[in-house]
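Engineer: In order, the protein sequence lines correspond to chains R and Z. Just so you know, we're using this note's numbering here: the first sequence kicks off at 1 and counts up by one. Just so you know, we're using this note's numbering here: the second sequence kicks off at 1 and counts up by one.
Quick caveat, the hints were computed from the structure, so don't treat them as lab data. This one's a predicted model, so the numbers in the text were calculated from it and none came from an experiment. Mixed in with the good hints, there may be bad ones.
[Unchecked claim] Beta-carbon label-pair distances, calculated as ranges: (1) Gly58/R <-> Ala172/Z: 52 to 60 Å; (2) Asp188/R <-> Glu400/Z: 47 to 55 Å; (3) Asp404/Z <-> Gln285/R: 35 to 43 Å; (4) Arg197/R <-> Val312/Z: 23 to 31 Å.
Glycine included, C-beta positions come from ideal geometry on N, C-alpha and C.
Residue strings, one per chain:
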Amino acid sequence: MPIAGEVAIIGSAATRFGVLHDHGYLELLAEAGRGAIADAGIEPSQLEAAWLGTAEPGTAALLGDAGTAVTEALAFAPRPVTRVSTFCCTGMEAVRAAAMSIAAGEHDLVLAVGAEKMRDVTPRGSLVARTANLTHPTLAKGRTAPGQFALLANRYMHEYECSAEDLAGVAVKNHANAARNPIAQYSDPLTVEQVLRAPRVAEPLGVLDCTPTTDGAAAVVLTSVTHARTLGRPYAVIEGIALSVVDGYYAGFFHDDHDYTSFAVTREAAQVAYRQAGIEEPRAQLDMVECHDCFTITELINYEDLGLCGRGEGVELLRSGVTAADGDMPVNLSGGLQACGHPVGATGVRVIKEIADQVIGRAGERQVADARRGAAHTLGGPGVASCVAVIGAG
Amino acid sequence: MSLELLAAATALPVRRVPWRGGRRCAAPFDQDAVTLAAEAVLALHKQSDARPAALLLATVSPPYEEGGNAQLVAELTGLGESLFCAELTATPRDGLAALRLADGLVAAGGGPVIVCAAHRARRSGERDAGDGAVALLVDRDGGVATLTPGPAHAEELRDRWRRSGDAEPREADPSFADELGAPRVAALVAAACARPAPAVVGVGEAGPVADRELQAAICVGSARAGARAERALGGPGDRAVASTGLLGAAHPLLRVALAGDRPTVVVVASGGLGEATIVTPGEGAAELASALQAQVDGGREADSAPGDPAQVGFDPYASAPRAWRERAQDLRLEGVVHDGRVLFPPPAGVDGPRRGLARRGRVITWTRDHVYPGADTVDMAVVALADGNRFYGQVAADDEVAIDDEVTLVPRRLHDGGGVVQYFWKVASCR
């Protein structure tokens, strides 16, 4: 059975995203998992398997290093749990793997949960320190996540009419959206001036161009569309979901197929997911998008790679207000990674939940009128892995 | 016996800081004696296609105290692994001592030989020290000058020493060291060049030039004392030291290369050890000296030497087996040739001949990272190399690049993770 159009999301939940000193990793995982199970209206014992997305267990004393964390947090024994890790695509990959098991007919009800505990250490003590200390002794020395995306920012600004103010506009838009999202890490509005005056992280990116490091978890319960129809509850349908991986972590920036203004891996993943969902004109056929705005530049590039506009036209799409909350194609109504934060393993599940809530019609103040279909996107590596999902109304 | 000087090159850090009314070369934190020596040898490669059979490294500031530096230079410069490598790490005298050893190697049919010396000041007490390296390519014939090992001298005289376990060197009274110490030994050696009698080791070889008018170039551990001694012998004066500082074991080699069209005896003395090399210029010696003098006189003025970064929170993973396994990738930038392209880093499972990446290219993009814990800021750049490949890495310390800049890749030290000095390549401006 093909995956497209055959797997339903019947329950979802997410914890608050933020610096959650009062929540441990297992508590976050349990809260999201139990919430999704309750939202699905099923008993925990009905679940047959689970997939766990955690990217950096090293920041949480190795909790989440194996699927056994779900077993412990949700009393899941003896059912199978598989941990997946695909950089920042980790959460969506957990959903995709879980959906595959439904599509394959192996299981009828499964859980996909993403969780990350990053703030038991300082922001610089989490991913930055891991990137600096644990990566390849020569090929990766000097790399940080913001530094890698800043390379694209500078090249993009060199190639196209794009200014630091334009980049700041992404942060301003998404923080404004987050004011309507109760789980977001930051919900206060920002101004362009604040973004521009913020301490520099990796030029031209300042701290307010960057997603924060965050604690959080999110979960979805999946079943077949056939089964979902029998439950008598609202559900969303995975119309397409694709993971693309184009290179290794260390090798990618040494290869000559990267022009530093685009991510081929997103284009690849979008092409497959759109084909599965029958989407030929994303601007016309999607009602909203949640994309991977880990840094402000990334959102502009995502517009182009996801087919919302042509190459080099992302800035104009932002300036024209098309991607604003009241625009024709709202992007990151949740506040995105910029304001929600980015607990790496949880983010991919959260963005799928966000689109599912929209097409089900329960997105609260963020609800897009008559939303029928949206796309969720994550990008990892950076630029070597991407996952795109098209979620439609059931 | 004698050697022919085929080529000479320097590696002098661009930053020049004030020093005793002149200036000296000051290297940033990512350059040490190995990287400076490697840069000098790489510059030598550009002047000659000769395939050396041996590399002799002299330095009194080796990154590895117990040896293991010369083979790093050989790896970084692509000299291959079937090379005779040796290093002398005792005193500045070793620059010329390496030339004497090269003479023996060449005489035994083991040439051509690269003699390279480098110095990287490590202590604030090294007030006269500049940072830099000099590499000479020598063989039996075909050079621009003849280098003849001259007299040598050895006596018990201790002006600067370090016992096992000492963190810092001990020093005798400067008046003893500068007046009764090395300058006296240097003068003895220089004087021996003018005598036919074999009073000291090697003076017999000096015989054929003893009748000529030799100018004496004196190198000792104090620039002031050296200048005084040289003046007393009627020497030409050190035209390098005021621009570079004293380059340790590299300084006498620099003076050999700068001798120009005058027969010169270059003498170095350190403590009770003295050594001389007699330079007999041939066609092209003056041009070589002129080109090197321009490098000596170049550089960029700065108020102070670059500091070491505070590496808070920086404890990089290291593995000696990995470093050995991937040495061709790290040190020689070698990838695998596959379908006419060089794949770098070499992918697992792809077989093919190895080839090094081009070392020049143009910057595609860059950034200045403020949060990487390895330094206060780290500039990173992506370079489109001349051979169509890419390089992604740090910009050399004390340098800057911008998009579309022409750049070159230079060997530098990255970090000391696990106590192992990790060398790699960085991006340097061609400006």
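Engineer: Taking the hints in turn, state whether each one holds.
Structural biologist: Against the structure, the hints:
At about 54 Å, the CB distance of Gly58/R to Ala172/Z agrees with the hint of 52 to 60 Å. Our hint of 47 to 55 Å for Asp188/R and Glu400/Z is violated, since their Cβ atoms are close to 37 Å apart. Distance hint check for Asp404/Z and Gln285/R: the Cβ-Cβ separation is about 40 Å, which falls inside the suggested range of 35 to 43 Å. Between Arg197/R and Val312/Z the Cβ separation comes to about 25 Å, which falls inside the hinted range of 23 to 31 Å.
Hint 2 from the list above is the single one not met by this structure.
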